[in-house]
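Can you make the complete structure from the sequences, with help from the hints?
Protein chains in written order, with my numbering: chain H, 1 to 258; chain Z, 1 to 313; chain B, 1 to 311.
Treat the hints as calculated values from the structure; they're not laboratory data. Mixed in with the good hints, there may be bad ones.
Said to hold, decoys possible - No more than 25 angstroms apart at the CA atoms, straight line, and that leaves these computed lysine-lysine pairs for BS3-like: (1) Z:K99 to H:K77; (2) B:K158 to B:K124; (3) Z:K139 to H:K77.
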Amino acid sequence: MNSRIANVAFNTFREAVRDRVLYNLIAFALLLSAAAILVGQISIDIERLVVVNLGLTAVTLFGVVIAIFIGIGLVSKEIEKRTLYTVLSRPVRRWEFVVGKFLGLTGTLLVNTFFMAIGVFLALLYVSRHFERGDFSITAALYFIILQFLIVCSLALLFSSFSSPLLSAVFTFALFVIGSLAEDLRGFAAAAKGITAMLAGTVAYLVPNFSAMNVVNQVAHGEPVSGQLILCNTVYALLYSAMAISGAVLIFQRRNLK
Amino acid sequence: MPAIETINLAKTYAVGFWRKKPRTALLPLNLQIEEGEIFGFLGPNGAGKTTTLKLLTGIVFPSSGTARILGNEVDDPGVKAQIGFLPEQPYFYDYLTAKELLEYYGQLSGVPAKDLSSRVNEMLSRVGLSDAARTQLRKFSKGMLQRVGLAQAILHDPKVVFLDEPMSGLDPIGRREVRELIQQLKQEGKTVFFSTHILSDAEALCDRVAVIHKGELRGVGAVAELTAQVHGKVEITFNASAAPAALRQLGADMHINGNIVSAVLPEENQEAALEVLKRERLRLTSLTPVRSSLEEYYVQNLQPAEKSMGVGA
Amino acid sequence: MNSRRVNVVATAVLLLSLAGTVMTLRTLDGMRRGATLREVLYFRSPKMLRRMSLGYSGLVADLYWTRAVQYFGSHHIAQASDFHLLSPLLEMTTDLDPKMTVAYQFGSNFLAPAPPNGAGEPEKAVALVEHGIQHNPDNWKLYYALGFIYYMDLKDYKKAAETFERGAAVPKAHPFLRLLAAQMAQHAGEYGMSRMLWTATYETTTQEQIRRNAIDHLLALRVDEDVTQLERIVGSYRERTGQLPSSINDLVRAGLIGGMPVDPTGQPYKLTPDGRIELRNPDAILYITKGLPPGHRSPQPKPEPTPPSGK
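Shown next, in the form of structure tokens:
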């Protein structure tokens, strides 16, 4: 069983890596890091700030786009184009397929983030000529970004298991945007009354809590990230992904493929 | 124990946004296919062939009834290791090479790692793709993709092989190679179940065929049995300069070549035709039964009763 | 593993992780209370935020506005003493959307007064509204909001009059601006003036908290006026009869008042032995300056609850 999941995961990774779209996106993101340097030159004294802010935001946004494109492309496309027929007629369990895809996808994003992060650190080095103590927390911010990717991938898979590629992409992206404002949404729900409060509350708790994983600003100002927060976010990301993936498995178990 | 068995296997799709319009893809189907048979599944497009194949390979779940392969239900994971499937117009992972694709599938099918590489090479040469082993699939032609599809279907030495339109996209040489491959599979003791709408292939290869139309089974049996049900024809040749009108009345198609007339007419009118010749004092040169083809069976079966059988071409 | 078992396991995982995420969220929210609000302190340059909004500055402004309202509301209920984030939040909102009138009105009402009713930063309030006037010179409501700060919190009646005058000159300005400007010289500091202003505040906005605040002040004015008048009547009684009344009923019997007077909460006023009028429940009504027992201290603002360390 384990080797099948690993096979699916590795194949997903291989397919993603060879897909040229990935390279274009990474190149673009690296370009943006370079641009951050330029922008920093315009605003004196805050080059560091700009590089970190812009760089990390680029890593996040591009990563989400890549996760959506590739995640949905790989899964929905497989379902639509019948590549899946030859896989499912083999002794691979459907749940093994879903989990394998998820692992392959997150693996791809991990590697991808690694390269983009190098770009950001290089840009930072160029601009400040040395690393400050506060820069270490940038790693924490990157770790949180990876946690966000974990959740986005799981959502992409969840939607792909029952929806068309376009709709899956739209839903996943929408959840990313809303999730980035999750804390505000919960604040709003707490202050509201009646049905609005109930609806807002339900949505606010179901939506992925990306806003707590966004410490870009903090980190740009060299402030540390608390260990407690790291722990809680990790637990949350793992639980949320588990939730989405088990949903995907359940849906996929009974799905009739056209 | 039959290799493939369906018991009232049926599938209805709920179509439409509110799922109000059910579409029956397959009416309850009862089939038994023995081990070592080459079984053809015939029918026009949309008849339910692909649906049946998907039901038999576990890609789609039946609305009612069961399917069993080698005695076990299709759901059983052990069963999947024993089957191979070539879908219609397959599409594969673009960025893998043929070798990588087969190795991936081999791993998924549980081919032991030490045998994998040699088995893959063997398959590639069997389907004639050894040269293209390291080419990425996105560069493959339709025919080449079809061959890869065949390779992945038999790679893990399954006992039952399902092929959906295996000849599509192939040139005549390719088609012959596939036919030979299917016959080899039978010699290896495998059961082959394939769907096609090319009747000549079915006639040449199959031990038995089934004809399906609009989700309903219209006939099952050996090709010879089925064609025997169709009213046959005979060909009579004789010397004459003109075609006797009386023969035409018997429903004969006539050809005149010099002073040799060839008349093809329904079998049951054979005696009457000979009478005509005797009356006209025409000399009979030959009398040959024309083997009725599967096509006629097909065509006849697929028109509902309004078309009259027998007299009339 | 057959199909049914997979379904059972997957469902169990789904439900357990759902419960887990909700619990983790509660913990996270507790840890990060106010974190999104404190984000505002990172944007020392509003231009930067505007650029990062990528053209959606209106939307981001709405976000900050919502945060400002929630921030103030939650601190106000908790009777906090520290509202230091209110000013940056409102400044951020109005930088991103200079036309958001309600934000300026909010600042005018709640930046200036002292805690726990406001942030206690009247100069910042003035700066905020002036910024608004700069971007919306024809919006008479903003001149009203500015004049209000000068009158209520800075007690600078001259400046207040000037501002109302400026506002009255704006096309389509509400006529009461001219009225306020004119009356300022003679009646500044009087109950009538304050009442006019609070009524005007109530009527120029639909924002819930501002309106409630205005009503509270109007009720307080009522009380103050009632107490003043009642004490004057007690004085007349004493002049007439040479002694203090023993209860309010004496005043009614003497024909000095028509019936039993009640405060806005419906409670009858109390007459103390030394001739003063007091409320039965002095804490029920906010902002009153009369009718309080001697030495009565209004509930004090509490310090802001500090969040656990770790933003």
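Status of each hint after checking the structure:
1. Note on K99 of chain Z and K77 of chain H: the hinted pairing holds, with a Cα-Cα distance of about 22 angstroms set against a maximum of 25 angstroms.
2. About 19 angstroms separates the Cα atoms of K158 of chain B and K124 of chain B, which keeps this hinted pair within 25 angstroms; it holds.
3. Taking the CA atoms of K139 of chain Z and K77 of chain H, the gap is about 19 angstroms. The hint holds against a cut of 25 angstroms.
When held up to the earlier numbered hints, the structure conflicts with none and fits them all.
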